[in-house]
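Chain by chain, the residues run as shown.
Protein chains: 2
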Amino acid sequence: MAESPITPRAKDFATWYQDVVLQGDMAEPAEIVKGCMVIKPNGYAVWEVLQRELDQRFKATGHQNVYLPLLIPESFLKKEAEHVEGFAPELAVVTIAGGKKLEEPYVIRPTSETIVGHFFSKWIQSYRDLPMLINQWANVLRWELRTRMFLRTTEFLWQEGHTAHSSHEEALEEVVRMLHVYGDVAENVMAMPVIRGVKSRAEKFAGALQSYSIEAMMQNGLALQAGTSHDLGQNFGKAFDVQFQSKEGKLEYVWQTSWGVSTRLIGGLIMTHSDDKGLVLPPKVAPRKGVIVPIYRKEEERGPVMEAAEKLALSIGAHVDRRDGQTPGAKFFHWERQGVPVVIEIGPRDLAAGNVVLKRRDTGTKEVIPQDTLVAKFNETLDAMQTDLFAKARQRLADNTVTANSLEEVRAILDDVTAEKGGGKFVMAHLKDDPANDAMLKEFRATVRNIPLEDHYDGPGKCILTGEKVPQRVVIAKAY
Amino acid sequence: MAESPITPRAKDFATWYQDVVLQGDMAEPAEIVKGCMVIKPNGYAVWEVLQRELDQRFKATGHQNVYLPLLIPESFLKKEAEHVEGFAPELAVVTIAGGKKLEEPYVIRPTSETIVGHFFSKWIQSYRDLPMLINQWANVLRWELRTRMFLRTTEFLWQEGHTAHSSHEEALEEVVRMLHVYGDVAENVMAMPVIRGVKSRAEKFAGALQSYSIEAMMQNGLALQAGTSHDLGQNFGKAFDVQFQSKEGKLEYVWQTSWGVSTRLIGGLIMTHSDDKGLVLPPKVAPRKGVIVPIYRKEEERGPVMEAAEKLALSIGAHVDRRDGQTPGAKFFHWERQGVPVVIEIGPRDLAAGNVVLKRRDTGTKEVIPQDTLVAKFNETLDAMQTDLFAKARQRLADNTVTANSLEEVRAILDDVTAEKGGGKFVMAHLKDDPANDAMLKEFRATVRNIPLEDHYDGPGKCILTGEKVPQRVVIAKAY
Numbered sequence: 004m005a006e007s008p009i010t011p012r013a014k015d016f017a018t019w020y021q022d023v024v025l026q027g028d029m030a031e032p033a034e035i036v037k038g039c040m041v042i043k044p045n046g047y048a049v050w051e052v053l054q055r056e057l058d059q060r061f062k063a064t065g066h067q068n069v070y071l072p073l074l075i076p077e078s079f080l081k082k083e084a085e086h087v088e089g090f091a092p093e094l095a096v097v098t099i100a101g102g103k104k105l106e107e108p109y110v111i112r113p114t115s116e117t118i119v120g121h122f123f124s125k126w127i128q129s130y131r132d133l134p135m136l137i138n139q140w141a142n143v144l145r146w147e148l149r150t151r152m153f154l155r156t157t158e159f160l161w162q163e164g165h166t167a168h169s170s171h172e173e174a175l176e177e178v179v180r181m182l183h184v185y186g187d188v189a190e191n192v193m194a195m196p197v198i199r200g201v202k203s204r205a206e207k208f209a210g211a212l213q214s215y216s217i218e219a220m221m222q223n224g225l226a227l228q229a230g231t232s233h234d235l236g237q238n239f240g241k242a243f244d245v246q247f248q249s250k251e252g253k254l255e256y257v258w259q260t261s262w263g264v265s266t267r268l269i270g271g272l273i274m275t276h277s278d279d280k281g282l283v284l285p286p287k288v289a290p291r292k293g294v295i296v297p298i299y300r301k302e303e304e305r306g307p308v309m310e311a312a313e314k315l316a317l318s319i320g321a322h323v324d325r326r327d328g329q330t331p332g333a334k335f336f337h338w339e340r341q342g343v344p345v346v347i348e349i350g351p352r353d354l355a356a357g358n359v360v361l362k363r364r365d366t367g368t369k370e371v372i373p374q375d376t377l378v379a380k381f382n383e384t385l386d387a388m389q390t391d392l393f394a395k396a397r398q399r400l401a402d403n404t405v406t407a408n409s410l411e412e413v414r415a416i417l418d419d420v421t422a423e424k425g426g427g428k429f430v431m432a433h434l435k436d437d438p439a440n441d442a443m444l445k446e447f448r449a450t451v452r453n454i455p456l457e458d459h460y461d462g463p464g465k466c467i468l469t470g471e472k473v474p475q476r477v478v479i480a481k482a483y
Numbered sequence: 004m005a006e007s008p009i010t011p012r013a014k015d016f017a018t019w020y021q022d023v024v025l026q027g028d029m030a031e032p033a034e035i036v037k038g039c040m041v042i043k044p045n046g047y048a049v050w051e052v053l054q055r056e057l058d059q060r061f062k063a064t065g066h067q068n069v070y071l072p073l074l075i076p077e078s079f080l081k082k083e084a085e086h087v088e089g090f091a092p093e094l095a096v097v098t099i100a101g102g103k104k105l106e107e108p109y110v111i112r113p114t115s116e117t118i119v120g121h122f123f124s125k126w127i128q129s130y131r132d133l134p135m136l137i138n139q140w141a142n143v144l145r146w147e148l149r150t151r152m153f154l155r156t157t158e159f160l161w162q163e164g165h166t167a168h169s170s171h172e173e174a175l176e177e178v179v180r181m182l183h184v185y186g187d188v189a190e191n192v193m194a195m196p197v198i199r200g201v202k203s204r205a206e207k208f209a210g211a212l213q214s215y216s217i218e219a220m221m222q223n224g225l226a227l228q229a230g231t232s233h234d235l236g237q238n239f240g241k242a243f244d245v246q247f248q249s250k251e252g253k254l255e256y257v258w259q260t261s262w263g264v265s266t267r268l269i270g271g272l273i274m275t276h277s278d279d280k281g282l283v284l285p286p287k288v289a290p291r292k293g294v295i296v297p298i299y300r301k302e303e304e305r306g307p308v309m310e311a312a313e314k315l316a317l318s319i320g321a322h323v324d325r326r327d328g329q330t331p332g333a334k335f336f337h338w339e340r341q342g343v344p345v346v347i348e349i350g351p352r353d354l355a356a357g358n359v360v361l362k363r364r365d366t367g368t369k370e371v372i373p374q375d376t377l378v379a380k381f382n383e384t385l386d387a388m389q390t391d392l393f394a395k396a397r398q399r400l401a402d403n404t405v406t407a408n409s410l411e412e413v414r415a416i417l418d419d420v421t422a423e424k425g426g427g428k429f430v431m432a433h434l435k436d437d438p439a440n441d442a443m444l445k446e447f448r449a450t451v452r453n454i455p456l457e458d459h460y461d462g463p464g465k466c467i468l469t470g471e472k473v474p475q476r477v478v479i480a481k482a483y
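These protein sequence lines map, in sequence, to chains L and A.
Residue 4 is where the first sequence starts when you use our numbering, and the numbers rise one by one after that.
Residue 4 is where the second sequence starts when you use our numbering, and the numbers rise one by one after that.
The following block holds chain L by itself, in its conformation from the complex:
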């Protein structure tokens, strides 16, 4: 695909985002299928890194992967009242299969709590079968009206963990454990700081007692819900009759959890770190951490330069850009847009001096270094870049988090914010967790993002709407 200019963030953040996604070979709209995208090679490779990082943490915490059917009998969705209400408007329905009209239609899974409920009721009989800890990597479908690549697409890829426990206490421990796994990957792999907290009642998952989330701040100040972990209580246990015999010999309903992150994470990654030159990938999620661009003009220079490039590439596990018929300039431009953390150039002059040139993607810094220091310098640069990107994002979050003590203050701060123009803030305010209060924020299109697990602010205070005393401030923001 031809490379076009990238719209600057300051001009139009939403268009900038789309340009970065397209030019970074991350994804493109599928068009022919409403609201879908194609995940392209660079985007899918980032997803593979995230999958690996998450999956090893899921396994280390005792979960096993399984695969459940894509199709769900329509009647299943209706067994949990809140759940069907939440998902019914977004369903894609299969009514014909094998050339015949189906007696009972199937829906394509928007999430799998119902089918998990069905199988848990088959698999769980006794407390000895608990906890049951499973996860699946899968595609799901939700018929969304307004879509944006990675952030909200009709079909998306995700993982969904589903667990069953013998007590509410143990289930809650699981919910919080997995929230922290997500926080760990977001911060320590993706270099994306997040606020861990409880969703307000108005914003919880359809069918849950309580939902937890990690919320990140994008460069335009908008919030992105990057992962959720739900305490399902006994709602699905009762709807699907998942009972177990307790140690005491009593028949009880299981306590369930579910938790998920999706390809949406990649949207968050992009909007946290990328710049007006294109994609910036933190080294730990970059499929290619380094690329070597050999430079030569005359044919007799080619051999020695390529030889040195291949040797250096082996020493640091980098890719050599061997493409003929592309100028070095075009190659630099290409890898910059793909977000490669470190690009190394080597030409005849460097070769003669025993040097290479090392360019760091986020700062644009160019350094000439002796070849024999490359391994150390390369790893050091990757570490520094990872640390610096996180620090920068954390500073941005701190700088754009403000407190407000009245609805008018909240409104004044958030009123003019749009995804395109930016200027968004996280507003910390005392607000009682009541759907009626959340509704008041709709007027200026803000929502309660979550009630942070750790209260970094000033403790209890009076609700800005009702005056009632509440234990801590909540995060109010405009969000994707």
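Note that these hints are calculated values from the structure, not bench results.
Keep in mind that this is a model prediction, so the values were computed, not measured.
Using N, Cα and C, we set each Cβ at its ideal position, and we do this for glycine too.
Any given hint could turn out to be false.
As the list claims (entries may be wrong) - Residues from chain L shown here face chain A by an in silico Cβ test under 7 Å; the list is partial:
no.	residue
1	I35
2	V41
3	V69
4	A95
5	V97
6	T98
7	I99
8	G101
Knowing the structure of chain L, use the given hints to seat chain A on it.
Leaving out everything else, chain A in the frame of chain L:
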């Protein structure tokens, strides 16, 4: 789930297979969704190993992973005449989405050649864009009437490679390259010998010029098509207008290939190696290569035995079965059915003597060895088991491959074979590649499996049906 007896192979092969799948925690029928299964933890873990082995080979041969939409506009399927004829009867159709009847229904992908055709036409303009080498890991749906877990299910997991080339010659090289990648994984990872060959015209993929396959022999002598690689010629290029400007400046249609293996491989794995005690997994595909079962009766024995078990487990990367309330006997039984290659037991007497007991799954051999030789002996046993399982399967293939020189001979050999009773053979016969001849074999439910790439037999001969001279014998067998 309670463990039940496994039906012996000799009594009923099909029931034996189902028992092994269920008792080995590999899968179970989903029932609520016609012809679907749930892939359970042990089955999914095997799939993860196969994915890893395949994926690294795809990447090493220059392919990149992408993800394409699950839904395909119905009209796309109709653009390639043979393709729609082949797949139309098996489609699941989405007619309602987001609460509304769709103007144009979508089908759930049965395979993605059509959607790939659409995107290739957007992505490919010039010979510089070629070859284009992509792969996707995905679920697909084909509404099948008769299903068996792993072997044929309505929904299954697979990978589908799709490539575009500037010449037919280069495309054919790709087709054969990927066939050999499949053969390599089948034989050198799964220890499942296969015959690489060309499908007869009657059996080729709907829309291909020619299809290649790997065919394996199950323990009942039936054939299993374990992977296919297709030369699509310019069929999809023309249907979806995928043209490129050649080096000479001419506009030409691309030459495409596609190739896939699926969770069906796991069915082949099971029917190649497992026995009347349950699952047998070759070490290279076993998610857990070794498990240590600690044995103790008195409480004071527990500490020292567990300590030794944990230490030994670390040295060989094995899992310790720490479950309380399960007898050692129940634990051995459990891991045997899960196909764990090597189970190690250690009790107070072994501890006193400085020994451990090592049991090999396929042969049932038990060896008492000094603890300090465990690492070497463990690895040696895994290697030997891998080699022996392959040799045994290869011998079975050789022993059950026979030649026939007339239709009557073919019939006599294959007439009484059923999946349940076994007795199947691969019959090598001279047969002209003509759908009319394939049709003659239908009478006794046999098919031409493929025309082997290497003619191991006796060269040219007369077609058993038409008397015409043909270059080599083909494989005729009953198949899954």
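Consistency of the hints with the structure:
1. I35: holds (6 Å)
2. V41: Where the cut-off is 7 Å and the nearest Cβ of chain A is about 6 Å from L/V41, the hint holds.
3. V69: holds (5 Å)
4. A95: holds (4 Å)
5. V97: holds (5 Å)
6. T98: holds (5 Å)
7. I99: holds (4 Å)
8. G101: Hint on L/G101: holds, closest Cβ of chain A at ~4 Å, below 7 Å.
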